[in-house]
Structures are given as structure tokens and as C-alpha cells.
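Peer 1: Sequence:
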Amino acid sequence: MAYWLLKTEPGEYGLDDLAAAGERAVWDGIRNYQARNHLRDGVRCGDLALIYHSGNRDPGVVGMAEVVVDPYPDPSQFDADSPYYDDRASVDVPRWLCVDIRFRERFPRPLTLAAARQCEPLREMVLLRHGRLSVQPVSDAQWRFILRYCRA
DNA sequence: GCCAACGTTGGC
DNA sequence: GCCAACGTTGGC
Numbered sequence: 006m007a008y009w010l011l012k013t014e015p016g017e018y019g020l021d022d023l024a025a026a027g028e029r030a031v032w033d034g035i036r037n038y039q040a041r042n043h044l045r046d047g048v049r050c051g052d053l054a055l056i057y058h059s060g061n062r063d064p065g066v067v068g069m070a071e072v073v074v075d076p077y078p079d080p081s082q083f084d085a086d087s088p089y090y091d092d093r094a095s096v097d098v099p100r101w102l103c104v105d106i107r108f109r110e111r112f113p114r115p116l117t118l119a120a121a122r123q124c125e126p127l128r129e130m131v132l133l134r135h136g137r138l139s140v141q142p143v144s145d146a147q148w149r150f151i152l153r154y155c156r157a
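With my numbering applied, the first sequence corresponds to residues 6 to 157, in that order.
If you are wondering where the hints come from, they were derived from the structure by calculation, not from laboratory data.
Take these hints with a grain of salt, some might be off.
Restraint-style ranges between C-beta atoms, simulated for each label pair [stated by the list, open to error]:
1) P80 / R156: 29 to 37 angstroms
2) R93 / Q123: 39 to 47 angstroms
3) R114 / Y90: 36 to 44 angstroms
4) E14 / R128: 19 to 27 angstroms
5) L138 / G16: 18 to 26 angstroms
6) E14 / A119: 17 to 25 angstroms
In this text the structure is predicted, and so the values were computed from the model without any measurement.
We put the CB at the ideal spot given by N, CA and C, even for glycine.
Given only the sequences and the hints, what does the whole structure look like? Please build it.
Peer 2: Okay, here's the thing in C-alpha cells:
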């Protein structure tokens, strides 16, 4: 079982939408090869993920979700009406993956990016070193630290 | 809205 | 395969 951090813009699809989605939400639209490779090579059913809100006034980790299925080809890449359509992808040779997740919790004390930068145990976190990656691994130690912080 | 950092495209 | 031009992300 592994830990991840998934980014999203709350104005598009945030923790509220995830909570409202119930048992299963399609986490699609990932269009970055490094993020895709994390899905392909790492993310599996049963993994847990921090939900990170970006592009808002106070970016940070706001909640947690559970991965409920192994990664599979993102249907939106085949949909010409979708903003995530990719005409280089085909059903036979899909280019992008997505995953389904389920809301687990909303943190009483979100970890803002600014606060994370002040936390020594998070110094090596991918979020702080490589800010733009939308699917990124979280180490066991980082996970434990963040949960203790956010649930306090 | 600005801009730095990073990713992608495409000519050669 | 290099690299310049361009596009995107995302904090501020």
C-alpha cells in the first residue's frame, strides 16, 4: 500500500465535489507524462491519497481519499467533446490513465503550502521540490507527519 | 495579472 | 538528439 498526493483546482473539482460524489469519483484529466507514469507504475487500488487544492488563495492539503480501482485508460481522451480530448490517443493505444477515488476525510486543520515549507520533516517532499506535478508519491514518514498535523 | 519553472513541440 | 519557441502550471 502506497501514499500519494493528488492535486486539483477546487474551482473545477475540489474536495467538496469529491465528498458529494459518494462511493466513486473518476479522477481524470491527468495530462502530464510524469504524473501518468506514477499512475501506471505505482498507484493501485487500496492506496491512500492526500487531496491538494491549488490555484486558490490558500493552496494546501485539505483532505484524504482512497483509491478504489487500479488505473485504467482515461475515457475523456477519446471524447471529442471533452476538454481533455487527445486526437493522438486511440482505444487500442491509449495515452492517458485515470483512477477512481472515494472521499475519506476532510482535515480539521489543512496544511497550507506556506506551513508545509516551515516543516522540517517535509523538507524533501516532492510538493516542495517539484511543485507542478499533479500525481506524486508521499513517503510513510511524510504521510504520518501530515496526518498528525492535519488532525490536530 | 505577472512571472518563474517546467513541460512539449517541432525544425534541423 | 538538440534546442529554441511556445504553452501550462501555479504561487504570489
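Peer 1: None of the hints should be skipped; say for each whether it holds.
Peer 2: Going down the list of hints, with the structure as the test:
1. P80 / R156: 29 to 37 angstroms: 35 angstroms, holds
2. R93 / Q123: 39 to 47 angstroms: 42 angstroms, holds
3. R114 / Y90: 36 to 44 angstroms: 39 angstroms, holds
4. E14 / R128: 19 to 27 angstroms: Given about 26 angstroms between the Cβ atoms, the range holds.
5. L138 / G16: 18 to 26 angstroms: Holds, at about 20 angstroms.
6. E14 / A119: 17 to 25 angstroms: Given about 18 angstroms between the Cβ atoms, the range holds.
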